[in-house]
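Produce the entire structure from the sequences given, and follow the hints as far as they go.
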Amino acid sequence: DAKTTQPNSMESNEEEPVHLPCNHSTISGTDYIHWYRQLPSQGPEYVIHGLTSNVNNRMASLAIAEDRKSSTLILHRATLRDAAVYYCILRNAGKSTFGDGTTLTVKP
Amino acid sequence: GAVVSQHPSWVICKSGTSVKIECRSLDFQATTMFWYRQFPKQSLMLMATSNEGSKATYEQGVEKDKFLINHASLTLSTLTVTSAHPEDSSFYICSAIFGGSSYNSPLHFGNGTRLTVT
Chain X
1 DAKTTQPNSM ESNEEEPVHL PCNHSTISGT DYIHWYRQLP SQGPEYVIHG
51 LTSNVNNRMA SLAIAEDRKS STLILHRATL RDAAVYYCIL RNAGKSTFGD
101 GTTLTVKP
Chain E
1 GAVVSQHPSW VICKSGTSVK IECRSLDFQA TTMFWYRQFP KQSLMLMATS
51 NEGSKATYEQ GVEKDKFLIN HASLTLSTLT VTSAHPEDSS FYICSAIFGG
101 SSYNSPLHFG NGTRLTVT
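Residue numbers (the numbering used here), protein chains in the order written: chain X, 1 to 108; chain E, 1 to 118.
Bear in mind the hints are in silico, worked out from the structure with no lab data behind them.
The reader is advised that the hints may include incorrect statements.
Distance condition first, Cα-Cα at most 16 Å in a straight line; then the derived EDC-like pairs of lysine to aspartate or glutamate [stated by the list, open to error]:
no., chain 1, residue 1, chain 2, residue 2
1, X, Lys107, X, Glu45
2, X, Lys95, E, Glu59
3, X, Lys107, X, Glu15
4, X, Lys3, X, Asp100
5, E, Lys14, E, Glu87
6, E, Lys41, X, Asp100
What follows is the structure in structure tokens.
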């Protein structure tokens, strides 16, 4: 199964943009890149996903490298409510394995 | 948006008893549901994949006789932890897919069940 690697933690100031990176160098052509976030004692929440092109929704933007070996989740203006663990996973015919994720801390 | 309801949100049981956790897709039909376990400060670990009307597929190392999964309808999957022991204490989370097993479909998660075995 294709794996993803993310930094353990990142910090951001409130109302500033945040770029959360994810490496997936063994990605296959049919793997979709998904991002989820999880608050303490809650189930994960879907954020965004894409295949090849950059994607935007009301929560975030997803920038996918041309070779698809990495991607970046962009929160345009971080709020305190964005503090969470962010998971980047690949979804395809195999299992969708969750890595350790990135713990985002947002400072007021 | 698609909603997945998980019940109960927390449960305390005595060692040796069984506990059932329900996962319902409230506004969509979920042909596939997934069950995860999460220990404190750790990531989600996939336990099994549940397909409506067929036997669940368990991940390596997960005892199928201990963690019974039933997916009897398109909106309900249940996980029963049989003969629970303190080491089974964990956060159990289900997820479901709207739109079949398309990898272009987001995973919709329940809010999890905190199981404590005393």
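Going through the hints against the structure:
| no. | hint | in the structure |
| --- | --- | --- |
| 1 | Lys107/X x Glu45/X | 22 Å, violated |
| 2 | Lys95/X x Glu59/E | 10 Å, holds |
| 3 | Lys107/X x Glu15/X | 9 Å, holds |
| 4 | Lys3/X x Asp100/X | 11 Å, holds |
| 5 | Lys14/E x Glu87/E | 12 Å, holds |
| 6 | Lys41/E x Asp100/X | 9 Å, holds |
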